[in-house]
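Line order of the protein sequences matches chains U and V.
Position 262 of the first sequence, counted from 1, bears residue number 262 in this note's numbering, the numbering being contiguous throughout.
Position 253 of the second sequence, counted from 1, bears residue number 253 in this note's numbering, the numbering being contiguous throughout.
No lab work stands behind these hints: they were computed from the structure.
Being a predicted model, the structure only gives us computed values, none of them experimental.
Backbone N, C-alpha and C fix where the C-beta goes; we use that ideal spot for every residue, glycine too.
It cannot be assumed that every hint is accurate.
Unchecked claim - Listed next, the in silico DSS-like pairs over lysine-lysine satisfying Cα-Cα at most 27 Å (straight line): (1) U/Lys55 <-> U/Lys26; (2) V/Lys18 <-> U/Lys100; (3) V/Lys6 <-> V/Lys18; (4) V/Lys194 <-> U/Lys104; (5) U/Lys264 <-> U/Lys284; (6) U/Lys16 <-> V/Lys18; (7) V/Lys10 <-> U/Lys100; (8) U/Lys264 <-> U/Lys55; (9) V/Lys6 <-> U/Lys61.
Stated by the list, open to error - To list a few chain U residues with every Cβ distance to chain V over 12 Å, as calculated: (10) Glu12; (11) Ser381; (12) Ile405.
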Amino acid sequence: MSNTIPSKSENEVLVKVEGLSKKFCKDLKTSLWYGVKDLLTGMGGNKNDRELRPKEFWAVKDVSFELRRGECLGLIGHNGAGKSTLLKILNGLINPDAGKVTIKGRVGALIELGAGFNPILSGRENIYNNGAVLGFSRKEITEKLDDIIAFSELEEFIDMPVQNYSSGMKVRLGFAVAAQMEPDVLIIDEVLAVGDVSFRMKCYNRINELLKEVAIIFVSHSMPQIAKLCTSAIMLRRGEVKANSNDISSVINQYFFDSNVESKELVSGSGKATLAKRNFDNSKLNVIEKGSTINLGFDLKIDLTTKYFSVRGIIYDKEFKGLLEINALHSGQFFKNENGLNNINISFINPLNHGDFTMTLVIFQVNEIGQITERLLRHESFFQFKSISGIGFDSYIPISVEANINHK
Amino acid sequence: MPLETKIYQKENNLKISKLLNTVVSDMLSSRFLATQLAVRDIKAQYRQSYLGILWMFITPLATAFVWVFLNSTGTVKLTDTGVPYPVYAFSGTLIWAIIKEAINMPMASTNSARSILTKINFPKEALIVSGVFKLLFNSSVKVLLLIIFIFAFGIGFHWSLLWLPLTILAAVVFGVTLGLFLTPIGMLYTDVGKFINFALGFFMYITPVVYAIPKEGIMKTIMVWNPFTPFILTTRDLALGLPPEHLTYYAVLLLCCVPLLGLGLVFYRVSIPIIVERMSA
Numbered sequence: 001m002s003n004t005i006p007s008k009s010e011n012e013v014l015v016k017v018e019g020l021s022k023k024f025c026k027d028l029k030t031s032l033w034y035g036v037k038d039l040l041t042g043m044g045g046n047k048n049d050r051e052l053r054p055k056e057f058w059a060v061k062d063v064s065f066e067l068r069r070g071e072c073l074g075l076i077g078h079n080g081a082g083k084s085t086l087l088k089i090l091n092g093l094i095n096p097d098a099g100k101v102t103i104k105g106r107v108g109a110l111i112e113l114g115a116g117f118n119p120i121l122s123g124r125e126n127i128y129n130n131g132a133v134l135g136f137s138r139k140e141i142t143e144k145l146d147d148i149i150a151f152s153e154l155e156e157f158i159d160m161p162v163q164n165y166s167s168g169m170k171v172r173l174g175f176a177v178a179a180q181m182e183p184d185v186l187i188i189d190e191v192l193a194v195g196d197v198s199f200r201m202k203c204y205n206r207i208n209e210l211l212k213e214v215a216i217i218f219v220s221h222s223m224p225q226i227a228k229l230c231t232s233a234i235m236l237r238r239g240e241v242k243a244n245s246n247d248i249s250s251v252i253n254q255y256f257f258d259s260n261v262e263s264k265e266l267v268s269g270s271g272k273a274t275l276a277k278r279n280f281d282n283s284k285l286n287v288i289e290k291g292s293t294i295n296l297g298f299d300l301k302i303d304l305t306t307k308y309f310s311v312r313g314i315i316y317d318k319e320f321k322g323l324l325e326i327n328a329l330h331s332g333q334f335f336k337n338e339n340g341l342n343n344i345n346i347s348f349i350n351p352l353n354h355g356d357f358t359m360t361l362v363i364f365q366v367n368e369i370g371q372i373t374e375r376l377l378r379h380e381s382f383f384q385f386k387s388i389s390g391i392g393f394d395s396y397i398p399i400s401v402e403a404n405i406n407h408k
Numbered sequence: 001m002p003l004e005t006k007i008y009q010k011e012n013n014l015k016i017s018k019l020l021n022t023v024v025s026d027m028l029s030s031r032f033l034a035t036q037l038a039v040r041d042i043k044a045q046y047r048q049s050y051l052g053i054l055w056m057f058i059t060p061l062a063t064a065f066v067w068v069f070l071n072s073t074g075t076v077k078l079t080d081t082g083v084p085y086p087v088y089a090f091s092g093t094l095i096w097a098i099i100k101e102a103i104n105m106p107m108a109s110t111n112s113a114r115s116i117l118t119k120i121n122f123p124k125e126a127l128i129v130s131g132v133f134k135l136l137f138n139s140s141v142k143v144l145l146l147i148i149f150i151f152a153f154g155i156g157f158h159w160s161l162l163w164l165p166l167t168i169l170a171a172v173v174f175g176v177t178l179g180l181f182l183t184p185i186g187m188l189y190t191d192v193g194k195f196i197n198f199a200l201g202f203f204m205y206i207t208p209v210v211y212a213i214p215k216e217g218i219m220k221t222i223m224v225w226n227p228f229t230p231f232i233l234t235t236r237d238l239a240l241g242l243p244p245e246h247l248t249y250y251a252v253l254l255l256c257c258v259p260l261l262g263l264g265l266v267f268y269r270v271s272i273p274i275i276v277e278r279m280s281a
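Please build the complete structure, drawing on both the sequences and the hints.
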């Protein structure tokens, strides 16, 4: 289908959203009652301006944008920002309360993979079920059956009931069917967050192939994904557009500073060591520039049965992947627990690029020769901080090093 | 090739004729989806069951048996029905079961598709059409058993038996039309579904399902006006080769059903986004 489109229309606007708003109700009973009222007024057209009724709020408020063929719009925002609601309106599942959406061409949605699967039936039968729900004809599915099975890499299991599939296998089969769509507008909602790495790469490649011929609207919490795929981005906050630009890194930056500080502190260990005082405030946003010194001072109360102890710090990223370690024992350093109260100071130069990080503090008991005998304390998210590099969000790689690169 | 343009905004397109047009065209274009969904459900239903099709007869057979027993032991005194009572009772409970299933079908179909309704945009009419397919499949199996009964009890073949598929279809259309109007509110409040089953249990006793209309009295008036009556009576009369009564009322109801079915489908179509909104809210 895409081949028949004249080159003149390469840049035609496929998605046009004007002043879109949608309200939702916070309370279930009230929501159901409004539903009944809407059913009745809906019959009469309900052309009046819609105001907020008690217990309602704007889930999406006055959103506008345009999207052309070949463009990919990233929708970002924290939970409850209105991203999914917006996608539902764009997909025609629910009607807006104000504004207008104009979409040209076939719309494909990767919102749920494997819709229409029946667990009792085999993978092969379910390809037809899923395909039918996605709008394929029987002939199209039969023609594409081999491609679908090959893409899913499930040849061996294709005649097994889907209820015996692992969740990863179900996703594969679902994506393999969805990948056969030839839409003009593609809506993607975080479906790629599942499955193993190699299959995820396959999904990306397929989306990348599509990217040239379609207009994509892409919702994700993964900024690297947004940065890789999108040509423009919108940040939503409580239903409103807070940033909208072709400069993805600036939008991601705003998203980055939009997050509220939520403490993820969690203490475990033998209980013989406790954190008494910190010289920094972990409840507020700590912003630290790359290359500057981080200074963490704190008081430790340690049970007097412990003679010697040592300190370790681990820095994790948002997905809780370990990035850096600070370990006193690596340089053979450990301390004497003199009178149960110890003041410790850790200082290091922040090597991290843009991103959210947390540091976990671990206190060990050690013997006279510095061997670990007991873990006294593990304090998750002991220090939470945002690192910013002067050039903004230019890379989603957490650490860069200076290197000598020679050209002869 | 010009691209199809979709516009979503708050105003509903209010021209019933236009809406009806889209309903019909979506129904036609989603034939494959409807068949696929029906085949899926029927296959899955029987793949996980040993008794399979037997379950379809058990309820009407049991109800009929209870009444045959009550009648033969003289516990209740029923007026003569003109045909062997077991066939009369069984044909009644069977047609009643079909109508009941038809009324519940749109709601059951929509409910079972909840998870895809909130995520995927597909022609919703396919849910109804696939439900009708399933109903017709189930009904045809039931009718087969009825025909076996008719021959077993010595009524034998007669030409009006050929009307049976059509009258069953009419009963299905009547039930589905009723069900379509109840579905949108039933999707919001589970009370509706519970009430329907409660009300139908009661309605069976004012419909000539297991006994004939009395010759006089208040019960006669109620039964004669009850809209379920002609669907049960005409279907049974034609099946058992009796002269059909209440034909005028039957014809009037059927004529009303056709525009109402269209209206019900339009109501259903317009309601779905409102229901989806409340389901996902």
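Practice problem: Would you mind confirming whether the straight-line C-alpha gap from V/Lys10 to U/Lys100 stays at or under 27 Å? | Solution: 8 Å, holds
Quiz item: Straight-line Cα separation of U/Lys264 and U/Lys284 no greater than 27 Å?
Solution: 12 Å, holds
Quiz prompt | Hint consistency between V/Lys6 and U/Lys61 [alpha-carbon to alpha-carbon, up to 27 Å] | solution = 21 Å, holds
Quiz item: Checking the smallest CB distance to chain V, is U/Ile405 really beyond 12 Å?
Solution: For U/Ile405, whose nearest Cβ neighbour in chain V is about 48 Å away, the distance exceeds 12 Å, so it holds.
Quiz prompt | Pairwise hint evaluation, U/Lys26 against U/Lys55, where the allowed Cα distance is 27 Å at most | solution = 6 Å, holds
Quiz item: Does U/Lys264 pair with U/Lys55 here, judged by a C-alpha cut-off of 27 Å?
Solution: 31 Å, violated
Quiz item: Given the hinted pair V/Lys18 and U/Lys100, is their alpha-carbon gap at most 27 Å?
Solution: With Cα atoms ~20 Å apart, V/Lys18 and U/Lys100 stay inside 27 Å; holds.
Quiz item: Going by Cβ atoms, does U/Glu12 stay more than 12 Å from chain V at every point?
Solution: Label violated. Min Cβ-Cβ 8 Å, cutoff 12 Å.
Quiz item: Are V/Lys6 and V/Lys18 close enough, with their CA atoms no more than 27 Å apart?
Solution: 15 Å, holds
Practice problem: Decide if the proposed pair is consistent with the structure: V/Lys194 and U/Lys104, CA atoms, cutoff 27 Å inclusive. | Solution: 43 Å, violated
Quiz item: Does the no-contact call for U/Ser381 survive, Cβ to all of chain V over 12 Å?
Solution: At roughly 33 Å from the nearest Cβ of chain V, U/Ser381 sits farther out than 12 Å, so the non-interface label holds.
Quiz prompt | Proposed proximity, V/Lys18 with U/Lys16 (alpha carbon, max 27 Å) | solution = 24 Å, holds
Taken one by one, the earlier hints fail for this structure at numbers 4, 8, 10, listed in ascending order.
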